Each structure stands twice: as C-alpha cells, then as structure tokens.
Amino acid sequence: MSSPVDQAKNAEKFLADTVHEERLDKLLWAMRMRRDAAARQVPEWEELRTLASEIKEHTLSNLSQYLLQFEARAAANGMIVHWARDAHEHNQIVYEILAEQGIEALVKSKSMLTEECELRPFLERRGIRVTETDLGERIQQLDDQPPGHIIGPSIHKTTKDVAVLFSQKYGSDPNNEDAAYLAGVMRENTRPDILKARAGMTGANFVVAETGAIVVATNEGNADLSAHTPLLHICSVGIEKIIPTTESLAVFVRLLTRSATGDTITQYTSTFRGPRQGATMHVILVDNGRSARLGMKRFWHSLKCIRCAACMNTCPVYRRSGGLSYGSTYMGPIGIIMMPTFEIRKYSELPFASTLNGSCTNVCPVKIDIHEADLRVAGSHGGERPNPSRKKGGHAGRRQSAQPSGALPNRDGHTVSRTGSPATLRRLQPPECMGQAQGRPGGRQGNISRMV
Amino acid sequence: MNSTQALSRNTILDSVRANQPATQPMPTIPHFHSNKPADLVATFCASIARMAGVVVTEDVPNLDSFLRAKFPDAKVTCSAIPEYGGTIKPSSLNHWSEASRIDVCILRSPMGVAETGSILLSDIELQVNTIAFLAHDLVVLLDPKQIVSNIHDAYEHPYFKLRPYSLLMTGPSGSGDIGGIVVHPAQAAKTLTVLLSPAPDAGQRTG
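Here the protein sequences line up with chains P and B, keeping their order. Using the working numbering, read the first sequence as starting at 1 and increasing by one per residue. Using the working numbering, read the second sequence as starting at 1001 and increasing by one per residue.
These aren't lab readings, by the way, just hints derived from the structure by calculation. The reader is advised that the hints may include incorrect statements.
Only pairs whose alpha carbons sit at most 30 Å apart, straight line, appear in this in silico BS3-like list of lysine-lysine [as the list claims (entries may be wrong)]:
| # | chain 1 | residue 1 | chain 2 | residue 2 |
| --- | --- | --- | --- | --- |
| 1 | B | Lys1089 | B | Lys1075 |
| 2 | P | Lys367 | B | Lys1161 |
| 3 | P | Lys304 | B | Lys1036 |
| 4 | P | Lys169 | B | Lys1190 |
| 5 | P | Lys297 | P | Lys346 |
| 6 | B | Lys1190 | P | Lys196 |
| 7 | P | Lys367 | B | Lys1145 |
| 8 | B | Lys1070 | B | Lys1089 |
| 9 | P | Lys196 | B | Lys1075 |
| 10 | P | Lys160 | B | Lys1190 |
| 11 | P | Lys26 | P | Lys196 |
| 12 | B | Lys1089 | P | Lys196 |
| 13 | B | Lys1190 | B | Lys1075 |
| 14 | B | Lys1161 | P | Lys304 |
| 15 | P | Lys196 | P | Lys297 |
| 16 | P | Lys346 | P | Lys367 |
| 17 | B | Lys1145 | B | Lys1070 |
Owing to the predicted nature of the structure, the values given are computational and were not obtained by experimental measurement.
Work the whole structure out from these sequences, hints included.
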C-alpha cells in the first residue's frame, strides 16, 4: 500500500532551490499574463467558456450515445477501434498491436493518458524501445523524470540543465545554452528514429463523434510526424475527450491554445479521420476510472478538462512547488481533484496543496469549479488539514465514519467523512497560508487581486 | 472483435450508461460574425506573423526566380502544383519518409483563416502528407479571396468531414520547451512562406 505523497515536503525542497523556484514562478506567471492578453482580444471569450462548458456537460451526460457514434464512424473510416477498461488493458492492447508485427521500436508524441497508464515502462520491460518525440517529453525521458507540467513537461528545467543533459546524452556542447541550438540538437538526434520507425503513437486533444475523427494539436508537428511517417498509427484517448461535432470543435480550438500559452492556435492542428492508403490506424478508447467518476455527483465536472494547464500556470502553490512535487501524473489544481479518484491513499494529501484562492476556476476554459471541488475532496477526508507536527500521531484528527461517502471509489481501506465544510475551510486557511497567498517581499502583493 | 474486447466494450458502455448524469442540452453555437475584422487579408498577415510565418503580398511574376532567390541552397524543390515543375513531384516519393530530402515544397492551400493566420492543407494538396512536416521549407500559395474570418468558419470547410487528413498549419514548427523560450523550428517545417496569389479556378475544392 503506497504511502501518501507528501507534497508539502517536496515543495519545501523546491522552494529551497531559489534559482529554479523563482524562475518557474516568473515563467508561469508570464504565461498566465499571455493567456489574459489573448482572452482580452476575444470579445466573446466568456461566451466561449460557457459554450465549452455546456458542450462538455451535454456530451458527458450523453456519453454512451457519442461513444457508439464515434465507434461506428471511425470504423467506417477504416480505423480499428479498441476498448480498454483500465491502464493494464490499454498497455496490453498497445503491446499486442506491436508484437503482432514484430515491431520493437515506437515513436510517440506527448500523451498524458499514456503517462497515466505508465505505458513506456510497460513496453520497455517487454523489449520495445520508445522514443518520445515531443521536445519536453524527450528531455524528461532522457533525464528519467516524469513530466512536470502537462503542456511543457520540462518547463522546470533551465537552459543550462538541458545543455548539460544533452551533452551527456548526445555529446553536444555543454556550454551552449542557446535554446535554438539545443532544439537543433534534439531535431538531429530524434529525426533518424522517426524516419525509420515502423509504428507511431499519439494521444488526442479531441475526438469528434460526428465524423469519427481525432484531433491533435502540437507546436512541433511531432504528432503528425509520429502518426504519418510509419505505416502504423496507434492513438490512445480517454473516453471523456469526445465532443459531438466539428462545429463544436471550433469552440475548443479557440479556447485551448489561448488558455495554454496565449497563442491563438498551435502550429499544427490536425484532424485524422482514417489511415492513409496502405497504412493502419488503431484507436484505443480508455476508461481507467472515467466512467466511475462520471457517476460522482460532486466531482464529475473534472471530466470536462481539456488539458490546457491554465490552472497550473495561475496557481501560486504549483508555481512555487514545481510539478514534480505532486508525485502524480496530473498536477496542480486539476491534479489535486483528480488524483485522489485514482488512488485515494497515495494522493490523500494533495487536496490540501491549495490556498483556495479560486484563480484556477476563473481561468478554466471549460468552467470546472476546481477550487470548490478541491474543498469537497478535502472535506471528504475528514475536514482537517494534515499538519506535519501531528503526522507522527498517524491519522490523528481524521474522522472515521461508518458510512463511506461514496464520493471517491478507491477506498482502499480508507473511510471518509462527509462532515465539516465550514470547519474544513477554517483549517485550510491558517495564518501562514493566507500570508503566502497575499504575496511575499518582492512585489507580488497584488497577485491575488489579479488572479481572483 | 474478440470476446475479451467485446467484454471490455460492454463493461465500459454499461458503466457509462449507469453513471452518466441526467441529459443536459446541447447549446446553439454562434459564429460570432459581429466581430468579423474589416480587412481579412491584413488580419491574416498580422496573425501569421505573430507565429513566425511570412506573407508575400506583392505579385510574384516568376515563381522559379522567387524560389531560387529565397532558397539559394535548395537542391530538391518539390512542386505539388500543376503550374510549376520543380525538381520532383510528390508522386516520385517511394516512401513517405523520403519527404525529408525535400529542401522546399511549393503547394496551394484552399483556405486561410484571418483570426489565427492558419492555412488549410489536406491529403489532396499534400499528396504525401509527410511533406507538411518533413520538408524543410514550405511555400504555400493562397488566394486572398479564400481567407475566412475565424475558426468557426474554418471548420465549416468540407475537408474536415470528408478527408482522411486535414491540417490547419500556422507558421513553422516551434517549441517553448527549453527554458520556456520559443524557438523555430522544432521538429517539423523550418519556415512557412505564404504567397498571396489568385487561385487558377474560382471554385473551392469540395473534397
């Protein structure tokens, strides 16, 4: 049984590293500012957010119908559709597709779903070499670290970190920290793998039921490289990614990149409706707890997430802790409400990694009530914030209830209490927490008013 | 579908049906034409420039001279348009990975998008899809009359419902993954140059 991730302790280590911490904080806040500037250019921005939220809620409340529609259309387009109940089944399906053709090397683009399923170690244990083609993912792969951000996996690293890493792995100049030079090193070293690959794998940003299409948005074009250069394309996607129509796709495309980076769109926004002639395309629809979460009255809205990371970029806890401090696939505000639904014990303390300032909710393009959901998740833990000095007493302060809340499926012997919202709120905002939210010396006093 | 897959499919669908919330209505989606820019060409040019794309608005009377001047070191020039020969055609590629030996490819796009500076390409224009990301430099002809206002308009193009592959490409490839600094190129096309040029025929392709 896993011990709970101690995000606070991990954050302290990151905070002690003033070079990386201050840099990440400024970088992500700048992304938040670019997001705001991009949103201000769109007079209908708030209307788009409402539309996106309503489209997602409509789709999720009719998900079975849209899954069947997508399956039928995708199959008619020539795709082979698979269904995976959980991470292991997903990984096994991918392995069998590759093994059937004797494929021992795979190139893949960034997919948080495959991180969630821990696909890469699964395949590597079975003798299949995996090359990540996304620059940030590749950096993390070379450094044997998980992604630290869902859009920029290596965003916590400085150019110097990357220069040193590439010199160790690729023999490049360790003293040349120029980002363009380093991107060129990556391009030269990854392209041979892409050109000789017999199989490529992508995720999907959106899945269009009406047309049986998957939509992938990248800045690098690496998803298109991975999908089209080999003759075999495997696409893995969570069942919650479905949207009804191409018309509805436009709403999300207008919101996604502006929310993520402040640009209007990614360089390559691609729609795949079927394999090219002579090639094969597989789509794996993955549940892995999503259908169960759909039935959680207080938490199903998290399934609306379009993985833009806007909530991470604005969150003062994430910006000062770094993504790796969460010890989880999904981090930051969306992570602290999602991860306990995957494994309640391991991620039981994540919901307390929050100041409840609500900035995440304000920037979410699909209007997930993130900070309120966090309060509900934290409240379901018995209403008390873990205190390091009290941890020595084990579960002191955590109330046990004879009646499980039913809010979280993964009980794992850990019963939860429904009580104490007001008490929870008091305990989640001790004086030291309020001081942090209001800024520290260095001029961030105004941050909370801008964020909220 | 084998029996394991049938079981997985039915298990997932049963779970979804049991858990999905009460039906909520689908909203009507407007196209926001009240915010349409007055000058679509100017807006397109500004949008693509922000993404490091280049637009040539002046008439290019001799395409060959233009390409030789802009890409003096290019040895392999692929032409995917009938009015220009180039050194090779997409049909001469035996394997899609061979697009990596193309120095510059010239294509025509059937649509541009003013809001984002995107150009539309599909398997029809590309003929070999990997040209869009393995060729080093891309030159794309675009009729300014085929620039639409926004992404809502863009996704009305029939390609998205009919073609196996459709791409909205916006500038050359890029990445901000190294130190948060945006660089061009990343993995795919190094440059994207759009030449505003009337289409040879007036109608749009319908796929």
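Evaluation of the provided hints:
Between Lys1089 of chain B and Lys1075 of chain B, the direct Cα distance comes to roughly 14 Å. Compliance with the 30 Å bound is thereby established for this hinted pair. Note on Lys367 of chain P and Lys1161 of chain B: the hinted pairing holds, with a Cα-Cα distance of about 28 Å set against a maximum of 30 Å. Only pairs whose Cα atoms come within 30 Å are accepted, and Lys304 of chain P paired with Lys1036 of chain B is accepted, the gap being roughly 29 Å. Under the criterion of a C-alpha separation no larger than 30 Å, the hint pairing Lys169 of chain P with Lys1190 of chain B is consistent with the structure, at around 24 Å.
For a cut-off of 30 Å, the pair hint linking Lys297 of chain P to Lys346 of chain P stands: about 23 Å separates their Cα positions. Our distance criterion of 30 Å between C-alpha atoms is met by Lys1190 of chain B and Lys196 of chain P, whose separation comes to about 21 Å. A threshold of 30 Å between alpha carbons decides the hint, and for Lys367 of chain P with Lys1145 of chain B the separation of about 37 Å lies outside it, so the pair is violated. Among the hinted pairs, Lys1070 of chain B with Lys1089 of chain B is consistent with the structure: their alpha-carbon atoms are about 20 Å apart, no more than 30 Å.
Taken as a hint, the Lys196 of chain P and Lys1075 of chain B pair is honoured in the structure, with Cα atoms around 23 Å apart against an allowance of 30 Å. With a C-alpha separation of about 24 Å, the suggested pairing of Lys160 of chain P with Lys1190 of chain B holds against the 30 Å cut-off. For the proposed pair Lys26 of chain P and Lys196 of chain P, the alpha carbon gap of about 40 Å is over 30 Å, so the pair is violated. For the hint linking Lys1089 of chain B to Lys196 of chain P, the alpha-carbon distance of about 22 Å falls within 30 Å, and the restraint holds.
Between Lys1190 of chain B and Lys1075 of chain B, the direct Cα distance comes to roughly 16 Å. Compliance with the 30 Å bound is thereby established for this hinted pair. Taking the CA atoms of Lys1161 of chain B and Lys304 of chain P, the gap is near 24 Å; set against the 30 Å cutoff, the hint holds. About 48 Å separates the Cα atoms of Lys196 of chain P and Lys297 of chain P, which puts this hinted pair outside 30 Å; it is violated. Among the hinted pairs, Lys346 of chain P with Lys367 of chain P is consistent with the structure: their alpha-carbon atoms are about 27 Å apart, no more than 30 Å.
Taking the CA atoms of Lys1145 of chain B and Lys1070 of chain B, the gap is about 25 Å. The hint holds against a cut of 30 Å.
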